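Asks: Listed below are the residues making up each chain.
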Amino acid sequence: MNALLAVLSFTMLAQVVWSTVPYACAAIGGAWSQRSGVLHVGLDGLLLGAALAAFVGVRATGSPWAGAVAGVVAASALAAAHAALILRRGADPIVIGVALNLVAGGAVHVAARWLGGATTAAPPAGFHAAWLAGGAAACAAATAAIVHHTRFGLRLRAAGDDPAAAATVGIAVTSVRAAALVIAGAICGIGGVALAYGHGRLDPGMSGGRGLIALAVVILSAGRPWRAAAACLFFGVLDALHVVLAARGGSSGAAAAAAAMLPPLIALIAFVLIARRAGAERRAVELGQAAR
Amino acid sequence: MMPGRASPRFVAAVGLSVAWIAFDALAIAHGQSLASLGLFFRGTWGTGEGIGAVLRAASALLLAGVAVHVALRAGLFNAGADGQIAVGCAAASAVASRLPPAWSGGAVLATASIAAAAAGAAWAAVPAVLRVRYRAHEAITTILMNRVAAAVAMAALARGVVAPAASAHLAPLHAAAAGVALPLVAIGAVLAVASVERWTRIGREMGLVGMGREACAAERIPVGARLLQAMLASGAIAALSSGVIVAGAAGPFAPGVEPGAGFGGIAVALVGGGRAVGLVLAALLFGTLARGGVAMGAVVPGAMMDVLQAVVIVAVAFVDARPRGALAEPA
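Going line by line, the protein sequences match chains F and P.
The first sequence begins at 574 in my numbering and counts up by one.
The second sequence begins at 25 in my numbering and counts up by one.
Keep in mind the hints are simulated off the structure, nothing from the lab.
Remember, predicted model here, so these are calculated numbers, not experimental data.
Ideal Cβ positions, reconstructed from N, Cα and C, are used throughout, including at glycine.
Treat the hints loosely; a few may be bogus.
Stated by the list, open to error - Cβ-to-Cβ under 10 Å is the rule here; a few derived chain P residues that face chain F: (1) Ile45; (2) Ala163; (3) Ala291.
Claimed, not checked - Chain P is nowhere near these chain F residues, computed Cβ spacing over 10 Å in every case: (4) Ala702; (5) Trp704; (6) Ala710; (7) Ala717; (8) Ile719; (9) Gly782; (10) Ala789; (11) Phe807; (12) Phe844.
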């Protein structure tokens with residue numbers, strides 16, 4: 574009964590918001606990237622980079638808003654570097670994405686030592702989770718509107734669906750993709766800020782693979798921002814349940830492990846279920862080829 | 025991922041030198057003067073103990089690197105070596121601690137290695153099937169499986185399925201395993217993979233599948249089967265190191281016995297450029313740097329290695345990039 578009360582409390586609601594925003598922002602950013610035709614494995618790196626910059630920003634200025642701006646700028650800068658490497662130079666997007674995660678994780682690790690371990694400023698006074706949630710919702714709305722109802726959105730989808738055909742009709746595929754990646758970075762930045770303020774302490778495992786789960790969600794929702802954000806709410810609730818119930822104590826190591834493996838397991842199962850429903854015909858062709 | 029335009033030798037040279045320069049830069053940034061490179065030398069190639077430590081780290085990296093390479097050659101990106109190593113450790117530990125005490129060290133080692141390899145292959149089978157049957161990108165699913173593996177290993181430890189400490193009868197094997205068995209297993213894996221790739225039909229077809237799936241399907245090569253086999257082999261090879269480590273040197277089970285070996289394997293495979301010699305050299309270099317970082321008492325050796333590997337991965341991917349304008353395929 575007490576556990577039920579804890580789950581239905583205001584703390585739980587706040588925790589849901591803090592947990593969902595990083596997922597949702599990574600997913601909306603991932604949707605931009607996915608729609609432009611780039612598989613973005615580095616979303617975790619963007620979240621971590623933004624979280625680190627937000628921490629440093631708060632530390633340096635004392636203002637949570639400065640931290641938020643620093644986070645968004647840092648993630649955009651990382652995204653621009655990522656875009657330059659894979660689009661201008663033609664480096665492998667998956668390899669670079671993995672490297673981005675490693676760089677950001679390592680940087681957070683090193684910075685955590687330099688800044689003296691727990692650098693808690695979070696959630697900073699006078700800064701509400703609702704603002705970040707509002708930001709995320711605004712991003713989802715803007716993404717849906719831009720991708721589906723503007724000329725730029727049409728070019729973006731064309732670049733993603735068939736780059737060769739898009740290039741033939743005069744769309745600058747590389748530029749469109751670069752723009753999409755930087756926008757994705759900025760949106761991920763909001764998620765990273767939420768991660769930093771919600772987590773309250775700098776630690777390399779703080780993204781907890783949320784970026785990757787978000788990427789899975791993006792692929793499964795075919796890059797539709799609202800659907801992706803809604804799926805992220807589910808994962809956010811799952812995380813929040815874990816946090817709230819663990820804070821009540823009595824959670825054994827095995828229970829914590831079970832809770833930790835739930836999000837990736839659900840994502841893996843979703844891959845199977847959705848592929849089953851959507852691609853039966855296409856899969857039959859693949860299998861026919863494999864059997865020959 | 026596909027072979028780029030730069031020659032493997034050039035790629036390896038760039039990767040190795042960038043690794044060395046980046047290591048020095050990181051060491052200096054951490055307040056380590058160049059004078060403390062003496063400390064580095066004594067911790068790595070200067071003493072017998074140091075050489076053993078380097079060889080052990082390099083062997084674990086080499087096995088992970090070969091594993092990543094086997095998948096990469098077939099056009100698959102196995103980012104899940106860490107998870108495969110973790111379940112391999114858990115399986116090896118669970119099996120080794122239940123063997124009769126009368127067994128000799130070699131038999132324990134062999135059994136533990138087989139258990140580890142089987143667990144690693146089983147772990148890799150999930151992304152492999154998801155890829156071949158459901159078209160889920162293996163770069164995503166392997167990393168998802170890493171998180172599940174870490175949780176499974178944690179739960180196994182909490183439940184006592186896995187022995188928290190080495191059984192007493194494994195002790196005599198310590199020195200032997202640390203010094204000899206792991207490098208031997210690693211070199212054996214390199215040679216085995218190289219000869220399978222060169223001399224067998226399956227091995228050659230895996231490489232062809234990596235170059236062009238459609239063409240292979242048209243030539244009646246069983247593409248799906250080759251992809252599955254490559255991924256299973258990759259998982260088994262990655263986990264092989266944990267069998268030896270658990271049965272020998274490290275003894276007590278801890279999730280992630282060689283932390284970061286999985287992603288280190290990506291760096292080794294990319295720098296090695298798909299050649300046996302390249303893989304061995306790259307593993308030796310990264311192993312030396314890892315141990316050297318520890319010996320120098322660097323503030324955060326683990327994180328330093330992550331950054332270092334990432335820098336090398338970016339440098340190699342940069343040099344080995346496909347011509348500009350190549351359009352990445354969506355998932």
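Asks: Going by Cβ atoms, does Ile719 (chain F) stay more than 10 Å from chain P at every point?
Replies: Holds, because the least Cβ-Cβ distance between Ile719 (chain F) and chain P comes to about 19 Å, which exceeds 10 Å.
Asks: Can we confirm that no CB of chain P comes within 10 Å of the CB of Phe807 (chain F)?
Replies: holds, 16 Å
Asks: Say whether it holds or is violated: Ala717 (chain F) keeps its Cβ farther than 10 Å from all Cβ of chain P.
Replies: With a cut-off of 10 Å, Ala717 (chain F) remains clear of chain P, as the shortest Cβ separation is near 19 Å.
Asks: Test the statement that Ala710 (chain F) is away from the interface with chain P: the closest C-beta pair must be farther apart than 10 Å.
Replies: Since the minimum Cβ distance to chain P is about 26 Å, Ala710 (chain F) lies beyond 10 Å and the statement holds.
Asks: At 10 Å, judged by beta carbons, does Trp704 (chain F) keep clear of chain P as stated?
Replies: holds, 30 Å
Asks: Given Ala163 (chain P) as an interface hint, is its Cβ closer than 10 Å to any Cβ of chain F?
Replies: holds, 5 Å
Asks: Taking the minimum C-beta separation from Phe844 (chain F) to chain P, is that value above 10 Å?
Replies: violated, 4 Å
Asks: Per the CB criterion, is Ala291 (chain P) less than 10 Å away from chain F?
Replies: holds, 9 Å
Asks: Can Ile45 (chain P) be said to touch chain F, with a Cβ gap under 10 Å?
Replies: violated, 16 Å
Asks: Checking the smallest CB distance to chain P, is Ala702 (chain F) really beyond 10 Å?
Replies: Correct as stated: the minimum Cβ-Cβ distance to chain P is 25 Å, above 10 Å.
Asks: Gly782 (chain F): least C-beta distance to chain P exceeds 10 Å?
Replies: violated, 5 Å
Asks: Per the stated criterion, does the least C-beta distance between Ala789 (chain F) and chain P lie above 10 Å, as a non-interface residue requires?
Replies: Given a closest Cβ separation of 6 Å, the condition is violated.
Checked against the numbered hints above, the structure violates hints 1, 9, 10 and 12; every other hint is satisfied.
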